[in-house]
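Visitor: Listed below are the residues making up each chain.
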Amino acid sequence: MINNKNIIDLDLCVIGAGPAGLAAATEAKRLGIKNVVVFDRDEKAGGILAQCIHPGFGLQRFKEELTGPEYAHRELEAALKQNVEIELNSMVIEIKPDGIIKVASAKGLKTYRCKSIILAMGCRERTRSNVRIPGTRPAGIFTAGKAQRLVNIEGFLPGRKAVIIGSGDIGMIMARRLILEGCQVEAIIEINSYTSGLIRNEVQCIHDFNIPLLLSHQVTMIRGDQRVEEITVAQRDSFGKIIPETEKQIACDTILLSVGLIPENELSRNVGITIDNSTKGPLVDNFLATDRANIFACGNVLHVNDLVDEVSFEGELAAKAVAAKLTGNIVKMAKEVKLTKGANIGQIVPQQLSYPIESRISIRVKEPTGPTTVKIGEVLKKRLPFSRPGEMIVVKLTGAQIEELAKAGSSREVSVE
Amino acid sequence: MQQPYDVIIIGSGMIGAMVLRELSRFSLKIAVIDKETQAGLGASKASLSYIHRNHINPPGSLRARLCNNSQQSYRKLSQELSLSYNELDEINIAFDKEQEYLVKKRMEWALKNGETSFRLITNKEVAKLEPHLNQNFTYATFSEDHGLIYPPEWAFALIENAKDNGADVFFNTEVINLQYSDNKIWDIYTDRGKFQARYLINAAGLYADYIAHMAGDKEVQQFMTRGTFAIFDSAIASIMKHIIYVGGVTPEWSQSISPTVHGNLILGMGHFKTPDSPTDTKVTQEELDIILRMGKEMIPTLPLDDLITSFAGIKTTNNLASDGDFYVGPSTVSSTMFHALICSPGITAAPGIANEMLNLLSDAGLDLKEKPVFKNTREALFHFSEATDEQINAKIKENPQYGHLICRCEKVSEGEIREVIRRGASTIEGVKHLSRAGMGRCQGGFCSPLILKILCEELGISPAEVTRRGKGSPEIAASDNEEEHND
Amino acid sequence: MSDNEREIICIVCTQGCKAIVGKEGLEFSIKGKLCKRGLDYVKQEYLNPKRVLTTTVRIKDNPNKIIPVRTSAPIPKEKMFEIMKVIKATRAEAPLKVGDVIIPNILDTGSDVICTGSLLV
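Residue numbers (the working numbering), protein chains in the order written: chain A, 1 to 417; chain B, 1 to 487; chain C, 1 to 121.
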């Protein structure tokens, strides 16, 4: 039972003090929203950036190439300058209807009533079980992010002889990190015929250190009773079937998995927010509003981003949406537009256009292509030299273009050809 | 020379733990020895953990006798020891004639064994109870009150309570040799020294035949089969409210799906592969494919993406009993050594087996004198995830660490993690099995670095000494604080 | 490609533009479409590949604490492991803020090793 005396009222609660949450809270304060609190379950702000000690952040937002901690530092400074309140070691354990949230910390279980909520919880990593690799369950199997935390925050070496499963950015970056720390990296194993991360990481992490990259290969078995001892790897044919004659063993004591991120939407699901099965994040409109009143989503909890600069931008947009909602300053279009996926389109965010405001549309293709044209309905056509699932395509629509789309119909197709 | 123990039990799984706890009622010098780091981490940790009704045991078998009314024993123990124990109803379905025969046989056995709640159930009724279940079955039975536990926490609690009542407990201690000497004392040689006992109980599970051979009992043989399990995320566990079995449990096959005590969903299949050794708990591609296909056949809407872990468990049968029955009785070497050679349903039968052991010991001359004072309860482990808001706030006032959540997926606090370590957990998995930290969606991705640090603090060990589950399974390679890198 | 030509992938931004770079005497020949930063990069890469090195350094009197660091400018690729060795042997002293110099002009490369994180105590 909620004791009404003990509920704390907030104008805005932001769940997650990573780059999305910090940018959202800073912008909210800048726009004049008064009672803003950011909750984070970790002991530090900055989210995943604190452990991403490599450069590659901020090229768009700050026109400089920063490391993760440096980027986080800038966002945190900006937030503190705006007097954003940040509660660390505080986990939001439940979002109830009507903006009620429950937060657990060493101070106790506290209840807040929030006029608006911005979801910025980020992602968790796909595990070995999620990708169904058979074998034993020894010590020495890490997701790449967990290994990154162990090395870069705790100062621990996960192992001495590693294989990396998955050629996503984090896998490639951790390959380099492990080698610099004196660990051997025997191979990076990728099921597709192309890497799933950025080309620049391929150069700086794989080529620079001559790490064997096994494309179109799959791990078919993990062995080791107590600690990892070896993996079996085999080549796949163009249909994705294992070619048994190519099976070989690679001795190792450590396995890092870089096999994908999953937006962490347990809180969202539990309060009834509709989740898009392709992004694994909430369905949102172009003001980042979910289908539950006054709850907005931004950053990696909404969809897995490539660049943190985009994440910050989304955070600011969510704050703008909250401000607009609180002041009643913006009106929905009479006819809203649902964006549908053409062939080879894997993900679109936002999935719905409800406001005639300038909007960024993020698109991911399913399969890589050569030179291609991105189209949104009849209003946008953009030529690209290539497209890859590992690189999000971001296009801008003006308010006028969105109104035009709405006039043309209640659902318009996004396509890539 | 130290006085020999009256009884030493080899193995702290569900059987060994149950026997130790029962023996601790009496004025005896008793001990348990296990090579693992804590109780219940052998065969006991990898099973469906149902407390079955008496439909899977042939009437007249030892199994049937020892499983009789298990639910009552478990209910009582769950109260005394503050342990999770749920009861669910079970639906047994058949999709073909062969399965129908097995389901019918189980009901027949149930009725002959004195069960009263078994009845036929129509497809329509089942559809109401379990709308997500594949409705194309041709035959179904319904029965009430099958129990559900999580054995590692039970074995831990039983051992803890026994220790509280004077039993000695030796973990990380491996038996290397056994000798029955002329003065009617067992010499038990371990990697940590010699023990002596008047009576010896072999509850070594998968290694029961190794132990028997060490004692000179060369006839004993156990045959292993491996089963596969798959656990699905709690977000979809609300789909199911019953234990569902397809067909019957035969030596070659079993197939089931049910909620777990932790609010997840467990798929169980097996046991048809022969493992290479007691530690061959791998899941092969074939077994993985079959179990997931089987899951989809039972629940067509089962989201395979919500699979959070899959693992294997090994069961045994033995050559001393017929028809895959238990053997709970003396060894050929001496009437002072007793084997517990068990098969499914071992966990169900544990209270009955413990009772049987007491009788056997008494018949063999052990004087069972009840202690004047027996502490039959123990302090519950606090679980944030199960407590009310009031309970949580009271606990946090006592100790703020209970408000600091470490495992996000299962909502386990720092206080709970420290508590289980202080009460005996010493490895990452040991902490997991007792506190549930690391059992959720992210499988320890977020919490295990933090748990590692807490283990170092609580146990005064270095990070490189932390193991996943004991000797040979270091969690990391090194903290480079401690070592120089050579070129 | 002739003997003195190499394919170089630019890593300045995420585009990953490719170029074939060769050099005759003092003259560069660059085949491929590159922006200004890209041109500078491939020339440098051809002559003397450099990278920004990022790692962590231990804190003096606080054995469990590490802080992230970077080289303030790209350093020669072949000196990476040597630089790692020096950083590993170093103990930084708190308090530290982002940008503080831990090791000036590491191994005479003209680049410092600077903090990218901060430590108040």
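Everything labelled a hint here was simulated from the structure, so no lab data went into it.
Among these hints, one or two may not hold up.
[Stated by the list, open to error] Under the rule of at most 30 Å between Cα atoms (straight-line distance), these lysine-lysine pairs were calculated in the BS3-like manner:
#1 A:381 with C:79
#2 B:76 with B:375
#3 C:43 with C:65
#4 A:280 with C:18
#5 C:50 with A:382
#6 C:33 with A:382
#7 C:85 with C:65
#8 A:335 with C:65
#9 A:107 with B:453
#10 B:453 with C:77
#11 C:36 with A:396
#12 A:241 with A:341
#13 C:65 with C:77
#14 B:453 with A:102
#15 A:375 with C:18
#16 A:161 with B:453
#17 A:44 with C:43
#18 A:396 with A:332
#19 A:102 with B:241
#20 C:88 with B:453
#21 A:63 with C:18
#22 B:241 with A:107
#23 A:63 with C:60
#24 C:31 with A:382
#25 A:332 with A:381
#26 C:31 with C:60
#27 A:161 with C:85
#28 B:471 with A:248
#29 B:104 with A:110
#30 A:280 with B:296
#31 A:29 with C:33
#32 A:396 with C:33
[To be verified] Derived Cβ-Cβ restraints for the label pairs, each shown as a range:
#33 C:110 with B:303: 54 to 60 Å
#34 A:272 with B:459: 39 to 45 Å
#35 A:370 with C:1: 21 to 27 Å
#36 B:134 with A:239: 54 to 60 Å
#37 A:77 with B:471: 43 to 49 Å
Note that the structure is predicted; figures quoted are calculated from it, not measured.
Beta carbons: idealized from backbone N, C-alpha and C, even for Gly.
Visitor: All hints are to be evaluated individually against the structure, with a verdict given for each.
Guide: Status of the hints after comparison with the structure:
1. For the hint linking residue 381 of chain A to residue 79 of chain C, the alpha-carbon distance of about 47 Å lies beyond 30 Å, and the restraint is violated.
2. Annotation: proposed proximity of residue 76 of chain B to residue 375 of chain B holds, straight-line Cα distance about 14 Å (limit 30 Å).
3. Between the alpha carbons of residue 43 of chain C and residue 65 of chain C the distance comes to roughly 40 Å, so the proposed pair goes past 30 Å and is violated.
4. Pair hint residue 280 of chain A plus residue 18 of chain C does not hold up; C-alpha atoms about 34 Å apart against a cutoff of 30 Å.
5. Straight-line distance between C-alpha atoms of residue 50 of chain C and residue 382 of chain A comes to about 35 Å, which puts the hinted pair past the 30 Å bound.
6. With a C-alpha separation of about 20 Å, the suggested pairing of residue 33 of chain C with residue 382 of chain A holds against the 30 Å cut-off.
7. Restraint check for residue 85 of chain C and residue 65 of chain C: satisfied, since their Cα atoms lie roughly 18 Å apart, inside the 30 Å limit.
8. Straight-line distance between C-alpha atoms of residue 335 of chain A and residue 65 of chain C comes to about 56 Å, which puts the hinted pair past the 30 Å bound.
9. With a C-alpha separation of about 22 Å, the suggested pair residue 107 of chain A and residue 453 of chain B falls inside the 30 Å cut-off, and the hint holds.
10. Between residue 453 of chain B and residue 77 of chain C the CA atoms are separated by roughly 35 Å; this puts the pair beyond 30 Å, and the hint is violated.
11. Annotation: proposed proximity of residue 36 of chain C to residue 396 of chain A holds, straight-line Cα distance about 26 Å (limit 30 Å).
12. Restraint check for residue 241 of chain A and residue 341 of chain A: satisfied, since their Cα atoms lie roughly 28 Å apart, inside the 30 Å limit.
13. Among the hinted pairs, residue 65 of chain C with residue 77 of chain C is consistent with the structure: their alpha-carbon atoms are about 28 Å apart, no more than 30 Å.
14. Restraint check for residue 453 of chain B and residue 102 of chain A: satisfied, since their Cα atoms lie roughly 27 Å apart, inside the 30 Å limit.
15. Between residue 375 of chain A and residue 18 of chain C the CA atoms are separated by roughly 27 Å; this keeps the pair inside 30 Å, and the hint holds.
16. Proximity of residue 161 of chain A to residue 453 of chain B is assessed by CA-CA distance (about 23 Å); at most 30 Å being required, the pair is judged to hold.
17. Proposed proximity of residue 44 of chain A and residue 43 of chain C is contradicted: the alpha carbons are some 41 Å apart, above 30 Å.
18. Proposed proximity of residue 396 of chain A and residue 332 of chain A is supported: the alpha carbons are some 19 Å apart, at most 30 Å.
19. A C-alpha spacing of about 28 Å is found between residue 102 of chain A and residue 241 of chain B, which places the hinted pair at or below 30 Å, so the restraint holds.
20. At most 30 Å may separate the alpha-carbon atoms for a hinted pair to count; residue 88 of chain C and residue 453 of chain B meet this at roughly 22 Å.
21. Of the supplied pair hints, the one linking residue 63 of chain A and residue 18 of chain C holds, its CA atoms being roughly 22 Å apart against a limit of 30 Å.
22. Using a Cα cut-off of 30 Å, the hinted pair residue 241 of chain B and residue 107 of chain A is violated, with the two alpha carbons roughly 36 Å apart.
23. Between the alpha carbons of residue 63 of chain A and residue 60 of chain C the distance comes to roughly 34 Å, so the proposed pair goes past 30 Å and is violated.
24. A hinted pair counts as satisfied when its Cα atoms are at most 30 Å apart, and residue 31 of chain C with residue 382 of chain A qualifies at roughly 26 Å.
25. For the given pair, residue 332 of chain A sits about 25 Å from residue 381 of chain A by alpha-carbon distance, which is consistent with the 30 Å threshold.
26. Our distance criterion of 30 Å between C-alpha atoms is broken by residue 31 of chain C and residue 60 of chain C, whose separation comes to about 50 Å.
27. Of the pairs offered as hints, the one joining residue 161 of chain A and residue 85 of chain C holds, with about 19 Å between alpha carbons and a cut-off of 30 Å not exceeded.
28. Our distance criterion of 30 Å between C-alpha atoms is met by residue 471 of chain B and residue 248 of chain A, whose separation comes to about 29 Å.
29. At most 30 Å may separate the alpha-carbon atoms for a hinted pair to count; residue 104 of chain B and residue 110 of chain A exceed this at roughly 54 Å.
30. For the given pair, residue 280 of chain A sits about 21 Å from residue 296 of chain B by alpha-carbon distance, which is consistent with the 30 Å threshold.
31. With a C-alpha separation of about 44 Å, the suggested pairing of residue 29 of chain A with residue 33 of chain C is violated against the 30 Å cut-off.
32. Under the criterion of a C-alpha separation no larger than 30 Å, the hint pairing residue 396 of chain A with residue 33 of chain C is consistent with the structure, at around 25 Å.
33. Evaluation of the 54 to 60 Å hint for residue 110 of chain C and residue 303 of chain B yields a pass: the beta carbon distance comes to about 56 Å.
34. Distance hint check: the CB atoms of residue 272 of chain A and residue 459 of chain B are about 44 Å apart, consistent with the given range 39 to 45 Å.
35. Taking 21 to 27 Å as the suggested C-beta distance range, the pair residue 370 of chain A and residue 1 of chain C conforms, at roughly 23 Å.
36. Separation of residue 134 of chain B from residue 239 of chain A is about 30 Å and departs from the stated range, judged on CB atoms against 54 to 60 Å.
37. Separation of residue 77 of chain A from residue 471 of chain B is about 48 Å and conforms to the stated range, judged on CB atoms against 43 to 49 Å.
Figure legend: structure checked against the earlier numbered hints; hints not met, in rising order: 1, 3, 4, 5, 8, 10, 17, 22, 23, 26, 29, 31 and 36.
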